[in-house]
Amino acid sequence: MKKMTKKISVFMLVCLSVISCKKEEDNNNTVGTFVESGSAIVVNEGNFGSNNGSVSFINRNGVATNFIYESANGGINLGDVLQSYTVVGNKGIICVNNSFKIEIVDARTFKHIATIVDTTATQNTSYVRYALGISDTKAYVTNGNFSGEIEVLDLTTNTITKSINVGKGPEQLAMVGSNVYVCNSGGFDVDSTVSVVNAATDVVTSTINVGDIPTKIVRDAQNNVWVLCAGQSDYSNYPLINKLSPSKLVRINTSSNTVDKSFTLIDAGNPSYVVNLAIGDNGRKVYYSVSDKIYALDITSGSLPAAPIIAGRSFYGLAASPYNNQIWGLQAPNFTSGGYVFRYKADGSLIDSVKVGIGPNSAVFNN
Amino acid sequence: MKNKSFHLITLFVFFQIEFANTIFADTIPVAIPEVLIQASRESFYSASNFNYKLDSFQTHFYGQNSIAEILQNFTPAQINTYGVGGIATISLRGTADDQTSVFWNGLKINSLTLGTIDISLIPVNAAGSVQVVTNASSSVLGNGNFGGAILLNNNPVFKKKIDVAIRQDIGSFKNYRTNFSLNIGNEKVQFSSSSFYQTAKNDFPFYDKYKFDKPTVLNKNNETKQWATINQIGIKLKNKQQIDFGNFTLYKHHNIPANMGSYQISQKYQDDFTTKSFVKYQKIFSNGQFYFRAGHVYDYMLYNDSINKIDAPYYTHQSQNSINYRHFFKHKIVLDAGMDYNIDIAKVEEYKGKEVRHRGAAFVGAKYSIQNLTFNATMRQEILKSKYIRPQFGITVSYKDNKDIYSSTLSYADKYRLPDFNDLYWQPGGNRNLLPENGFTVEYSFALQPIKKTSKYQMIFSNSAYYSFIKNNIVWTAVTSGLYSPQNIKKTRHYGIESKLENVVSWNKTNAFRFSVNYNFNRSVIVQDETNEDLNGNFIRYKPQHTVKSYLIFEDKYFNIGLNYLYAGQRFSDDENIKVFELKAYNLMDAFISYKGHFKNIHAEFGFKINNLFNTQYESLRSYAQPLRSYNITIILNYKSVLK
Chain A
2 MKKMTKKISV
12 FMLVCLSVIS
22 CKKEEDNNNT
32 VGTFVESGSA
42 IVVNEGNFGS
52 NNGSVSFINR
62 NGVATNFIYE
72 SANGGINLGD
82 VLQSYTVVGN
92 KGIICVNNSF
102 KIEIVDARTF
112 KHIATIVDTT
122 ATQNTSYVRY
132 ALGISDTKAY
142 VTNGNFSGEI
152 EVLDLTTNTI
162 TKSINVGKGP
172 EQLAMVGSNV
182 YVCNSGGFDV
192 DSTVSVVNAA
202 TDVVTSTINV
212 GDIPTKIVRD
222 AQNNVWVLCA
232 GQSDYSNYPL
242 INKLSPSKLV
252 RINTSSNTVD
262 KSFTLIDAGN
272 PSYVVNLAIG
282 DNGRKVYYSV
292 SDKIYALDIT
302 SGSLPAAPII
312 AGRSFYGLAA
322 SPYNNQIWGL
332 QAPNFTSGGY
342 VFRYKADGSL
352 IDSVKVGIGP
362 NSAVFNN
Chain B
18 MKNKSFHLIT
28 LFVFFQIEFA
38 NTIFADTIPV
48 AIPEVLIQAS
58 RESFYSASNF
68 NYKLDSFQTH
78 FYGQNSIAEI
88 LQNFTPAQIN
98 TYGVGGIATI
108 SLRGTADDQT
118 SVFWNGLKIN
128 SLTLGTIDIS
138 LIPVNAAGSV
148 QVVTNASSSV
158 LGNGNFGGAI
168 LLNNNPVFKK
178 KIDVAIRQDI
188 GSFKNYRTNF
198 SLNIGNEKVQ
208 FSSSSFYQTA
218 KNDFPFYDKY
228 KFDKPTVLNK
238 NNETKQWATI
248 NQIGIKLKNK
258 QQIDFGNFTL
268 YKHHNIPANM
278 GSYQISQKYQ
288 DDFTTKSFVK
298 YQKIFSNGQF
308 YFRAGHVYDY
318 MLYNDSINKI
328 DAPYYTHQSQ
338 NSINYRHFFK
348 HKIVLDAGMD
358 YNIDIAKVEE
368 YKGKEVRHRG
378 AAFVGAKYSI
388 QNLTFNATMR
398 QEILKSKYIR
408 PQFGITVSYK
418 DNKDIYSSTL
428 SYADKYRLPD
438 FNDLYWQPGG
448 NRNLLPENGF
458 TVEYSFALQP
468 IKKTSKYQMI
478 FSNSAYYSFI
488 KNNIVWTAVT
498 SGLYSPQNIK
508 KTRHYGIESK
518 LENVVSWNKT
528 NAFRFSVNYN
538 FNRSVIVQDE
548 TNEDLNGNFI
558 RYKPQHTVKS
568 YLIFEDKYFN
578 IGLNYLYAGQ
588 RFSDDENIKV
598 FELKAYNLMD
608 AFISYKGHFK
618 NIHAEFGFKI
628 NNLFNTQYES
638 LRSYAQPLRS
648 YNITIILNYK
658 SVLK
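Line order of the protein sequences matches chains A and B. Taking the numbering used here, the leading residue of the first sequence gets 2, the next gets one more, and so forth. Taking the numbering used here, the leading residue of the second sequence gets 18, the next gets one more, and so forth.
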């Protein structure tokens, strides 16, 4: 019996060392890590002021593992209001908005690497929103709800090296070539522009007028960018929300840095609401939501689709998988209990729903 | 379920037997105490319920701060503190913070905008009497009260006397508080005044468990500066008439620190200014009492966050008016009839205009005593424009034996709560179509005092069991992408027991040994959440199942020494009951010692108190830092004389 146990132990040790070697050889897209191809990281922002933002991992089979940061880091919580997650090389950048910090983790294991904070009077981490990888060692992070700026991160030292002034309340960003397009939402104010930053020189090269309150941006298969402008809203007749200025979906031609397509999603005076934007079908379809409907717009189309592909549910976040073309709607019924990811096929038929953490706002897919 | 039914039936049978035993016994005429004749409707019909009353001894040792500390230590109330010096809200019996009402001399002082009460804004000396009414009925107290009600009253005692006191407290974290009080009067006029001024840096260190390696962090931007003055005058007029005026004015400036885990350099602050005034006229007839009370509550609050350029002022006015006539009939039958008329006004930028609400109510109540039994029945009809609220009823049956050894009470109370103004008018999201929350509570309680009152050892054991059900709970929930609005979507159930054992050994007038232990079991659960069935059966967040509160005090002619103990059980911080985010149970102990000196009419006292003796790290609410061990020194000089 003892001999048998010894044999089994030796066999297991050999197996483990083989597995370990295999993992070290293949850093990316490895099954069993959080960068598994076809899987996704879901950002659960949590309840404001409660330090209960979290990250969920959904593997390629749709099985969710919640609180992966806490599991990887001895139970410590990630922070207050997780705004976004971005993978840059082997690192993950988590913008933790109300903790005033940028958390750097190992994207494969979610183990803590560093916390980037700015405790000077300038508070360059005072309102961190979204990150974008420029290279494996450099990233941009949008910050500020009035005078907006981009913080330039050096991912070798995990420090902020400089700030680039852009418009008010910078939100999402997208990169085409060496140009980075930054939505200036206005933050707690109103802005209507997209700043174009040269990522090589870190200089703003132009500013493009798009529409009121641009918040989301995606890059399509033709290397143009689409911007969702929420428009200003009047809530005084709530539950009717009247648009004071129209909600728009605009395309910026990145060759000329001009708006070459502009669709009005909601006219001024109309009661609807728009929040979400995603790119799918290998960059050929733009998904956007208006109130409880999700529409799919072919990037070559000259008009908006008449009918939604998904209707009847309101989502707090929207994502499309490049792995299997699924459309994910992220639902946050409230901020005191967990939310759900509703997974749809590309044709809009519901596959299932998966329970995640509190207040899911986005999903980031691993290719 | 079978067990529950069995207990209810047992209780019912017990009361039937008690009723049968006593109803045919001889009538013993008992004079109605003056205090009951003069009592307001709220006090008169709450007196039969199971109440917690705080005595001067308890308020004395926690007199340096708000009534939050006293309620936390000596009653089953759960106080949720947003850090030292910050907001503190009160929750009773597992209900929400906006489901407990607080009354100051009959005026309801809960926030019109939030429904809650910041109990840190009520100093200990705001009231001579603090009473927790657990099964407070909406038929008596109106809107709110699912958990219960706190009654803060100043009842003048017309005696020729003078009582002047000055008190200085010096505490850790540069906490200084000076208090002055004066009570002077004769058989016709009584005047009382109490004022304080407090400054506190409150920059205590704490371990920040939300940061890597749990560094010790200083709680910056946590200064508090506040002052208050509470004045009251009572005048006895001819023909058994009395008129009382009272005013309570407070200003507080409090800087708001960053939450735990945050790297923010906070520049936030909150200013509160409140002034509450009342005038009460009453006339005593040979068989009755009439009173008219008019009150006004003005609250101003300013929240400022210079980083985010937020400067949000709130202005609210509440005019509360009440008339009541009470008639004492033969055979110990008492009838009350009264009316209320309130005007609520709020001016808040996010409401996009001034909002005004008029409310009226009619009240009838009856009390009948026979032998050892007392019956209370009350009914109230709220009159509110465009919203119908069904009549509210309250019934109480109480029994007290002739030797005062055993007493018990069974009560049923209807309850409702109007949506607060933020729920109705906040933009975006406010929902003008909200229904009032409504429900009921059934409570059975008893108290046992088996030892003769003349004995040196006294013991009281009391126990209360309750069951509450609340429908139409208001919850802010997603209605469309990224937009949230309050909806009537939740049903909740709250039940539990509160047990208290009090022991006093006194071998002469100045020496006593007191020991008290209070155990509370509460189970507050979500019965139904219409937006998320997965939550059904879950515990309501921040409501511990088990709490223990205890004190041990030795009193001597020259010194007092004592310990206070609090155990708060594990709590979930979300409705999902996620283990990762739960708050751990904690134990807190305070210790104090004081030396007393007497010279003729002058009483001097020097006290020293250690808070959080064992340096416990704990959270009352998630992410709000609490201090470790801290100290407080108290010096009191008191001149007291009964004038001839």
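The hints are simulated quantities; they were obtained by calculation from the structure and are not laboratory data. Hints should not be assumed to be uniformly reliable.
[Stated by the list, open to error] Straight-line Cα separation of at most 20 Å, EDC-like style, residue types lysine to aspartate or glutamate; simulated pairs:
1. 596(B) <-> 107(A)
2. 326(B) <-> 361(B)
3. 402(B) <-> 361(B)
4. 228(B) <-> 282(A)
5. 231(B) <-> 71(A)
6. 356(A) <-> 322(B)
7. 285(B) <-> 322(B)
[What the hints assert, rightly or not] Residues of chain B placed beyond 10 Å of chain A at every Cβ, according to the derived structure:
8. 180
9. 228
10. 242
11. 246
12. 390
13. 529
14. 534
15. 639
[Stated by the list, open to error] Partial selection, computed: residues in chain A whose CB lies under 8 Å from chain B:
16. 71
17. 73
18. 99
19. 100
20. 113
21. 135
22. 136
23. 202
As the structure is a prediction and not an experimental result, all values here were calculated from the model. Where is the CB? At the ideal position from N, CA and C, for every residue including glycine.
Results of checking the hints against the structure:
Straight-line distance between C-alpha atoms of residue 596(B) and residue 107(A) comes to about 25 Å, which puts the hinted pair past the 20 Å bound. A C-alpha spacing of about 29 Å is found between residue 326(B) and residue 361(B), which places the hinted pair above 20 Å, so the restraint is violated. Note on residue 402(B) and residue 361(B): the hinted pairing holds, with a Cα-Cα distance of about 13 Å set against a maximum of 20 Å. Distance hint between residue 228(B) and residue 282(A) is unfulfilled; the C-alpha atoms sit about 40 Å from each other, more than 20 Å.
At most 20 Å may separate the alpha-carbon atoms for a hinted pair to count; residue 231(B) and residue 71(A) meet this at roughly 15 Å. At most 20 Å may separate the alpha-carbon atoms for a hinted pair to count; residue 356(A) and residue 322(B) exceed this at roughly 35 Å. Among the hinted pairs, residue 285(B) with residue 322(B) is consistent with the structure: their alpha-carbon atoms are about 4 Å apart, no more than 20 Å. No beta-carbon of chain A comes within 10 Å of the beta-carbon of residue 180(B); the shortest separation is about 44 Å.
Look at residue 228(B): its CB is around 8 Å from the nearest CB on chain A, not clear of 10 Å, so calling it non-interface is violated. For residue 242(B), the condition that its CB be more than 10 Å from all CB atoms of chain A holds, with the nearest at approximately 24 Å. The non-interface label for residue 246(B) is consistent with chain A: the shortest C-beta to C-beta separation is roughly 33 Å, beyond 10 Å. With a least beta-carbon separation of about 45 Å from chain A, residue 390(B) lies farther than 10 Å from that chain, consistent with its non-interface assignment.
With 10 Å as the threshold on Cβ separation, the claim that residue 529(B) sits away from chain A holds: the shortest Cβ distance comes to roughly 45 Å. Look at residue 534(B): its CB is around 33 Å from the nearest CB on chain A, clear of 10 Å, so calling it non-interface holds up. For residue 639(B), the non-interface assignment is contradicted: its Cβ lies about 5 Å from the closest Cβ of chain A, within the 10 Å cut-off. Hint status for residue 71(A): holds, given a least beta-carbon distance of 5 Å to chain B, under 8 Å.
The beta carbon of residue 73(A) comes no nearer than 12 Å to any beta carbon in chain B, farther than 8 Å, and the hint placing it at the interface is violated. Hint on residue 99(A) holds. Least Cβ distance to chain B is approximately 7 Å, under the 8 Å limit. The criterion of a C-beta within 8 Å of any C-beta in chain B is met by residue 100(A), whose closest approach is roughly 5 Å, and the hint holds. Interface hint at residue 113(A): satisfied, since its Cβ lies 6 Å from the closest Cβ of chain B, which is below the 8 Å cut-off.
The beta carbon of residue 135(A) is not positioned within 8 Å of any beta carbon in chain B (closest approach about 24 Å), and the interface hint is therefore violated. For residue 136(A), the suggested interface contact is broken, since its CB lies about 26 Å from the closest CB of chain B, more than 8 Å. For residue 202(A), the suggested interface contact is broken, since its CB lies about 30 Å from the closest CB of chain B, more than 8 Å.
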